[in-house]
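In order, the protein sequences belong to chains Y and G.
Sequential numbering from 1 applies to the first sequence in this note's numbering.
Sequential numbering from 1001 applies to the second sequence in this note's numbering.
Among the clues, some could well be false.
What the hints assert, rightly or not - Residues from chain G shown here face chain Y by an in silico Cβ test under 8 Å; the list is partial:
| no. | residue |
| --- | --- |
| 1 | Gly1033 |
| 2 | Val1150 |
| 3 | His1254 |
| 4 | Arg1315 |
| 5 | Pro1318 |
| 6 | Gly1329 |
| 7 | Ala1379 |
Just so you know, the hints here were simulated from the structure itself, not pulled from any lab data.
Beta carbons: idealized from backbone N, C-alpha and C, even for Gly.
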Amino acid sequence: MKMPAPDEAVLARRDELIVALQAIVPGEGVITDDMELSVYESDGLTAYRQRPMAAVLPETVDQISRILQLCGEFGCKIVPRGAGTSLSGGALPVADGIVLGLGKFNRVLEIDYDNRCAVVQPGVTNLGITNAVSSNGFYYAPDPSSQIACSIGGNVAENAGGVHCLKYGLTANNVLGVELVLMNGDVMRLGGKHLDAEGYDLLGILTGSEGLLGIITEVTVRILKSPETARALLIGFPTIEAAGECVGSVINAGIIPGGMEMMDRYAIEAAEAFCHAGYPLDVEALLIVELDGPEVEVDYLIAEVERMATECGAVNVRASTSEEERMTFWAGRKAAFPAVGRLSPDYYCMDGTIPRYQLPVVLRRIAELSEHYGLRVANVFHAGDGNLHPLILYDANNPGELEKTEEFGAEILKLCVEVGGVLTGEHGVGVEKRDLMETMFDEDDLKHQQRVKCAFDPDSILNPGKMFPVLHRCAELGRVHVHQGQHRFPDIPRF
Amino acid sequence: MNDMIKPADQDQVREAVSWALAENKTFEVRGMGSKLTLGRPLADIPVLDLSEFSGVSLYEPGELVLTAGAGTPISEIENLLSENTQRLAFEPLDMAAVLGAQPGAGTLGGVIACNLAGPRRISAGAARDHILGVKGVSGRGEAFKSGGRVVKNVTGYDMSKLMTGAYGTLGALTEITLKVLPRPQKAWTVLLMGLDDATAIKALAQAAGSSHEVSGLAHLPEDAAARSGVSYVQSAGAAVTAIRVEGPGPSVEHRVASLRNELSAFGKLEELHSHNSAMLWREIRDVQLLPADDQLWRFSVTPSKAADVAQHMRREVPGIKTMYDWAGGLIWLSMPPREDAGHEIVRAAIRDVGGHAMLIRADAKVRGQVPVFQPQAKAVADLSRRIKEALDPHGIFNSGRMVEGL
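Using the sequences provided together with the hints, build the complete structure.
Printed below as a string of structure tokens:
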């Protein structure tokens, strides 16, 4: 993984830049000490590290606007950072840039039950929103597994998903508005408490843009009343195919569960050893299906899914009969990453999406690759929407093993694309999948995306080295090629 | 009669754009032409007719995904989904009743270009929440694609959303992939009778904030209700507030009973079942309950402020008729024709409320003179122009349809 070569001229002006930043953010808001900076040198993708020139923790929108303009003048790159939980290196610093931490923007500004929304600052955690409204029986639906720590600003940047998104949508479907600061210092509001934009869907393009377009300083999210009840089914299958067939039956029957998760044998064993959730150990695939809604609906659908599971050859079916039991079913799945992590010094979490029917093929190929590379893999799967998380186990202390793991991971993602899927379902491209973008998009596709980037950030100051494998200058991207007299246009039917 | 160009494949679209770039021409992008009167009128320019891009190329019900050409009639897609007990959950409205077009006309591309969504917008989202991928040609004469064919995907910028609701000003879409969803077993509607607008909005907010997953929240003042073809609503002789509940049979019965109980303080309650319920929501979706010859505005506002906005409008303009959807978040408002379509009053009514308003129906002359779309704050308008410039620098596609020069 290569980052763009640092700009020596920018590095040389570090002291000058820091003085200027301190003039904007007084007190301890500008971090320059080497020890303190180490906190910011990595995110959730810990394999990569880079010390930034400084970390800045602004407290006001005006400060952010001025920091952006200042960095623009210096040509100093900016890496925005929420809680730093990105699994794709989205918040990995660059050597000739600063980290812009939004941690001090941590207040819930307004809860508006009449309009079923909450207005929060970007540093509020995902779970913090739910906690702020739970006393009234409301919650915020997207639930990435890092929800205790991850910030809503980061969720918007990455279009975060979670177990619930099959039924309740991704972040993009649950954000109503933002306040945004652009590189030119413009502060703007997109959306609000109303639905849909009055012009281009700028909120739509911003969500999932991985910090490359602007700095989010406020977010308005939709909140929902919690379902009356939720129950889960724990279903064991003798084969992956049978489990996949059951998932298909559920969806084909018109049922969209609140969550539908699959684990393979290795993941089941790891999770069971870690938290004793009572998972069956004699099965090849385990399915957790959660139904939520009024009790009468949940009981009805539980019975329906139970019947389908049996028809698909399930060898083990348990329905939760208490909230405690439901939580136990989930405990193993939610702890699957650390559970697998316990089996190995390091693990690498992948995130591709595939058309669901391709699952048996993909898992078979992953098993072959696992043998080829000599690295073990456990698979957890958001089964309803085809989002696969293979966890590759490795030991970074063994020379060359990280590189081998990366290669293996890339092979898995290429496989996802090959069978009709995509490189990332919810973790983002970041630095991790940047160099694989060309397996999914051709040069023109990527250039069109970069032209949108140019409309927001013409000098490529924001989060460089992420998402795009090749950086083009905006001036070069702006040229239009007019083919005078070369068009074969007269061939097209005209009326 | 202006030139009409009817490309049959993406290469021909590219050639058409190359020609336009070389000859300094611009295009009006068209599917079936059912919404030609929506937006600002365009000058007499060549038409880029995309109706050849027709047909469903991929439909996998179990994967909840459908891919079709942008020129595919939306009715064809809805029929196919219906045969498989699925649907477009965002409930695209058929603008025929409003725009005087052929009912059922319109293409998938048109639905996406206008980001159309019906009453279920409040629970299922709009077209922009269901688009998974697009293929198209930009104003640079280059083909591009975005997204994919799986329901969960964050690879690269979501260009598909940017294209949705852009009224064809950023590119010509040729192929569109959508998320589709199951059609529930049952749909019932709870009716509250005789509420004034402000009280009705409170009742709708209470239903929206319940755990009953309601999928329609509308309020019809008395004269709107009287236009309904559902005899029970038509003969109510009073305003009718409607709350839709969809899902598995036993669940709908339970939730309707619970809602009736929770809303009993608002007075008289009734229920509509299958056929009548469907008919009422179709009328609401397609705005069939307002005078057909008046100018028509569509407001998207902070839901709790809806009654205030309508009140403000009624105070300023005589002859106003309204109906509310999205728990008040969507107001359809008709007014007897005015040369300025009352646009300054409209903008003033929502200035402090948050939201936007679009002039949906008026003579071409009026639409050419007043801002049809909500004027934007300068920073947002500037950014929108830079995006237009990025994807269609020479203004080949539908330029001026939304805003002059965009």
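Do the hints match the structure? See the list:
A hinted interface residue such as G/Gly1033 counts as satisfied when its beta carbon comes closer than 8 Å to some beta carbon of chain Y; here the least separation is about 13 Å, so the hint is violated. For G/Val1150, the interface hint holds, since its Cβ comes within 8 Å of a Cβ in chain Y; the closest pair sits about 4 Å apart. A hinted interface residue such as G/His1254 counts as satisfied when its beta carbon comes closer than 8 Å to some beta carbon of chain Y; here the least separation is about 4 Å, so the hint holds. Against a cut-off of 8 Å between C-beta atoms, the interface hint on G/Arg1315 is violated, since the closest Cβ of chain Y lies about 22 Å away.
Annotation: interface hint on G/Pro1318 violated; nearest CB of chain Y at approximately 27 Å, more than 8 Å. With a least beta-carbon distance of about 5 Å to chain Y, the hint placing G/Gly1329 at the interface is held under the 8 Å criterion. For G/Ala1379, the shortest C-beta to C-beta distance to chain Y is roughly 4 Å, which falls under 8 Å, so the interface hint holds.
Consistency note: the structure conflicts with the earlier hints numbered 1, 4 and 5.
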